[in-house]
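Peer 1: Below, each chain spelled out in residue letters.
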Amino acid sequence: MSIDPTSLKRRGFLYRVLAEAGAEFGEIGGAAVALRYRGSIEEETHKARHLAIADLSPLPRCGFKGNGAVEWLQSQGLDIGPDSNKAYRQPNGALAARLAPTEIFLIDDLGGEGRLSARLDAAWSWGKEKPRKPCGYPMPRADSHAWFALAGAESPAMFSKICGVDLRTHRFPDLAIAQTSVAKMNAIVIREDRGGVPGYHLLADSASAEYLWACVIDAMEEFGGAAVGLEALRRLGGP
Amino acid sequence: MIADNRLPEPYGRLIDRRRPIDFTFERRAYRGLAGDTIASALGANGEWLLSRSFKYRRPRGVLTMAGQDGNTLVQIGSEPNVLADLRPIAEGLAAEGQNYDGFLNQDRGRVVERLARFMPVGFYYKAFFKPKGAWKFWEPIIRNRAGLGKVDVHAHHGYFDKQYLFADVAVIGGGPAGMSAALQAASSGAEIVLIDDMPELGGSLGYARFESQGVRGAAVASRLRRRLAGHKNVTVLSNCTCTGLYGDNWLAAVAGQRLYKIRAKSVVVATGSLEQPAVFRHNDLPGIMMGSAAQRLIHLYGVKPGRKAVVLTANADGYGVALDLDDAGVEVEAVVDMREAPVATIMTRSVANRRIRVLAGHTISEAIENRHGEHLAAVLVNRIVGEGRYERGATIVGCDLVCMSVGYTPAGQLLHHAGARFAYDEATHMFQPAELPAGVLASGSVNGAYDLDAVLAEGIRAGWLAARDAGMPVTGSEPVASYDSGARDLTHPWPIFPHKKGKDFIDFDEDLQVKDLVNAIADGYDDIELLKRYSTVGMGPSQGRHSGVAAVRVLAKETGRPVSALGVTTQRPPYRPVKFGHLGGRGFEPVRYTAMHHRHIELGGRMMLAGLWLRPAYYGVPADRDKAILEEVLAVRRNVGLIDVSTLGGLDVRGPDAAELLNRLYTFAYAKQPVGRSRYVLMTDQSGVITDDGVACRFHDQHFYVTATTGGVDAVYRHMLFWNAQWRLDVDVANVTAAYAGVNLAGPKSRAVLSRLCSDVDLSAEAFPYMGVRQGTVAGIPARLLRVGFVGELGYEIHVPASQGEALWDAIMAVGALEDIRPFGVEAQRVLRLEKGHIIIGQDTDGLTHPLEAGMGWAIAKNKPFFIGGRSIEIQGSKALTRKLVGFIVDDKSAPVPDECHLVIHRGEIVGRVTSAVRSPTLDATVGLAYVAPAQATPDTQFEIKVAGGRMIRGRVISPPFYDPDNKRQAM
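In order, the protein sequences belong to chains A and B.
Numbering follows the working numbering, in which position 145 of the first sequence is assigned residue number 145; successive positions increment by one, without gaps.
Numbering follows the working numbering, in which position 723 of the second sequence is assigned residue number 723; successive positions increment by one, without gaps.
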């Protein structure tokens with residue numbers, strides 16, 4: 001049974017577009033997420049192996065930036081390596097994407113509970129120490145960036161129509177990050193395969209979510225790509 | 001039904017005989033086969049007249065069958081200048097010829113040809129401007145005849161897109177050299193992109209005759225294609241034309257509606273060579289074509305190019321053409337060989353064995369058109385007696401086909417793009433690449449190799465070098481091409497036989513004859529680049545592919561210099577015409593929606609662009625625009641209104657040095673700004689010019705939330721990052737514009753509305769005064785609340801996470817309904833802010849405005865040591881002002897409202913301009929801001945404004961704010 005996205009305060013950036021395309025929504029963490037579209041879940045999963053896009057924008061994510069951000073996150077138990085432009089997988093399936101030496105973009109696991117984001121947001125404070133121990137600053141990533149997941153073998157070919165970076169799987173390894181331009185927008189692309197299927201997280205300006213979604217749908221058309229729901233992504237398997 | 005000229009299998013490797021396709025040309029119906037081009041399908045039906053020439057309207061037909069000439073340009077619907085020898089036919093396609101009046105085969109415009117002697121080269125530089133006024137007479141006539149094809153200005157936008165491709169090695173050209181190079185490079189593990197403009201790889205292997213039996217080419221092509229198919233690391237782009245080779249091995253390639261942008265580590269250019277025409281009288285008639293064009297028609301499309309042929313040659317390839325024609329059932333009347341003593345080869349012997357007449361030491365001196373004036377009927381053949389000279393006493397040979405095989409020139413355009421230098425080789429009479437840029441290699445006949453074995457070896461060498469240059473692991477040492485290049489005795493040094501009656505065309509595109517070039521040189525244009533520009537040789541659609549070398553030869557002869565001293569003209573991209581659609585591509589134009597965007601649409605908002613954002617200008621139908629704006633203004637003044645301000649920039653500045661950063665970047669002082677208060681920010685650049693403004697809200701000792709203008713925030717953010725990197729302060733700057741949705745709830749009843757939604761912030765004037773800032777919840781949504789007064793009423797800016805912006809809007813509109821809340825747009829806000837006299841950066845300021853002339857001296861802190869622009873403002877302050885921004889009112893209520901940029905006039909001189917003006921419904925008067933002369937800036941001074949139509953109206957200076965001068969309403 002699909003829920004009405006407007007029954008919740010937190011709303012996806014393109015719920016109208018998804019609804020028009022036949023999305024069925026379910027509530028996860030206080031927001032309506034497109035779980036599936038018309039047709040069988042097997043069909044949708046099959047599409048996801050070929051080429052598909054899913055809107056994960058309503059799912060939790062957060063970020064920390066500034067002096068001491070990485071050290072503070074490590075002190076919170078996160079496993080973050082030394083290289084920038086690389087994502088580090090956390091035990092619960094979340095990704096800590098190191099965009100710069102002092103900047104981390106955290107995308108939670110597809111469970112959608114957002115446990116890690118919530119824990120970190122709760123743990124961070126200005127503190128009372130003087131001088132304050134550097135621990136970076138939280139970033140409102142769930143609102144500043146739309147979050148799309150691209151899946152399927154044809155994803156790199158589709159990307160080559162809207163992005164100038166070579167994202168082919170043998171050139172752009174799992175967990176690599178490109179901070180680049182996609183369809184003339186600043187964007188972050190993170191490779192994360194699921195169940196052996198090539199996958200990419202596409203993070204970009206939330207205000208242009210509808211525009212970017214339309215560009216990707218258009219670019220996917222020649223490959224027979226389609227929008228899928230969160231469930232199809234989950235069925236692909238784990239990272 | 002089989003077309004008259006269609007040859008049986010195995011001819012026609014590119015066509016599918018099972019798939020007939022119907023199309024029209026010149027409104028006549030034709031049937032071709034799938035795989036046919038327009039030109040080949042018409043040829044199969046015996047139709048050889050394709051277009052008319054640009055200047056003399058002479059009939060033109062197939063010349064190269066390779067898209068290398070302008071003879072085959074046709075119009076398809078709204079698409080002009082389609083190459084008929086490349087464009088495949090399609091069901092229902094309707095093509096038409098170009099450049100004619102009346103009918104293609106009966107062109108009234110050909111009368112111009114009779115006036116040719118009155119139109120020598122450069123005549124248009126010397127005519128049409130005298131007597132005075134003559135140009136007005138000539139212009140429409142010339143414009144009517146100028147241009148190629150017809151542009152449909154109402155044509156629909158096509159769907160074009162772009163794609164990036166990546167390769168270790170890009171190989172351009174799918175002939176033997178290109179395929180061989182691709183294979184060699186691929187064997188090293190390199191990723192290859194192989195670009196070829198034909199539907200099938202093979203290049204000359206698909207049509208040329210390499211030995212007397214004519215089977216080797218196909219066998220080699222088949223073997224190479226098979227081997228390439230076995231390499232997963234080779235991507236073949238067929239029907240794809242590389243149009244440019246740019247710096248750092250960036251290649252542009254066009255296929256269909258797509259532009260490929262290819263980045264390669266190294267590039268092999270294997271684009272082959274261009275067969276060159278002979279020059280003789282009427283050498284442009286339909287039926288006269290390159291030998292290779294006839295071979296393409298025969299082998300690729302299964303089309304017999306004529307019935308009776310003469311082969312004009314100066315090399316062994318012409319004999320191969322004769323054999324192909326003979327095999328295809330074309331009657332070869334003669335092989336006319338320009339060489340006095342042709343070298344005996346297996347080809348010449350085969351021709352002799354077939355008893356084909358060979359006339360050595362002869363040339364064609366003139367072609368004769370048929371009685372309809374549209375095709376070749378016969379040629380005059382004369383014995384050659386010297387360079388460009390022949391004996392009198394011609395032999396007439398009846399024929400409908402002349403195949404020219406008199407020499408080649410490298411198809412080196414892409415190498416030119418990359419910066420290669422070409423030099424003339426006296427031994428082969430051809431230009432060859434002499435210097436190549438790093439990472440770019442030439443292979444095959446573009447590099448001077450013509451013998452097939454040499455070409456294949458050349459490919460291997462280039463492929464090995466390209467792989468090495470791309471950083472791939474190559475084995476062994478550089479392969480050596482040990483074969484003879486086969487380049488000698490291929491190209492005749494002077495295949496030019498001028499005729500005293502002219503029409504001996506060097507440039508088919510521009511109808512340039514030998515005498516035209518001779519006269520241009522005599523006029524003093526004796527440099528090849530000057531000759532090109534004056535005569536227009538090489539400036540037509542084929543870009544000198546068939547005229548460039550001949551022009552150099554004529555120039556060499558006329559000036560007594562060797563060809564090697566002259567060089568060739570520069571070749572620039574694109575290699576083939578590229579449509580604007582290809583350059584424009586998919587057209588990515590990002591647009592930004594606020595969280596409440598769709599609510600505005602639902603409420604009838606008329607959206608306008610603000611940077612990349614869309615904002616509601618007003619709510620209502622356009623016919624009631626002014627009424628809607630008025631009602632929105634009054635709602636805010638008298639009741640309560642709600643405006644979406646999400647587009648305003650938002651920057652989180654955090655860290656121990658946050659106040660210090662603001663102190664250095666903005667004109668005011670922030671070190672002592674209390675937490676919970678906001679303060680105006682005014683940014684200037686190093687020259688003291690105003691660049692942005694906003695407010696800085698201090699939410700924590702180390703946290704300022706700084707707003708910026710919609711259009712300026714990105715620049716402000718970059719500015720902050722730049723200076724922070726310079727100063728290395730302990731502060732972090734984050735652009736959180738998109739992360740927050742914002743509304744301004746404004747009007748006397750705004751507190752009443754907000755109080756129904758916000759219970760954790762004391763909203764009383766005492767607890768939350770004007771310019772205060774708080775954090776709390778509104779409708780259960782975490783919010784930043786700002787008491788600011790841009791519109792001059794009690795008001796609250798409420799900033800919430802963007803994902804909850806729509807819910808905030810819904811909640812406020814729902815409870816606001818009890819107070820008759822009304823949404824208002826940008827237009828009403830402009831009226832409201834102007835009534836308060838607030839400036840808008842970029843509208844009331846320009847690229848030179850400094851704070852003192854804008855009346856913003858109050859926003860400059862006097863007691864801080866430094867801020868960007870401070871020193872410049874200090875210097876400006878020591879000098880007299882040259883203008884001053886003032887508020888004004890128009891006392892004459894019947895006077896029109898001035899527009900922005902209407903001029904302020906004083907004693908006939910321009911002294912300033914209006915920057916903003918509105919009819920204020922609140923004040924019932926026109927008020928505005930304007931730059932005036934400093935002497936006019938004192939209150940009650942009157943000045944003149946020149947409005948539309950030249951009418952002068954009077955403004956009177958008054959000190960803003962015009963409305964609520966004591967600012968009591970916003971501080972309620």
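In short, the hints are calculated from the structure, not lab data.
One or more of the hints may lead you astray.
In the DSS-like style, the derived pairs of lysine-lysine whose C-alpha atoms are separated by at most 27 Å in a straight line are [unchecked claim]: (1) Lys184(A) / Lys55(B); (2) Lys130(A) / Lys864(B); (3) Lys162(B) / Lys55(B); (4) Lys55(B) / Lys501(B); (5) Lys130(A) / Lys672(B).
Peer 1: Could you tell me which of the hints above the structure violates, numbers in ascending order?
Peer 2: 1 and 3
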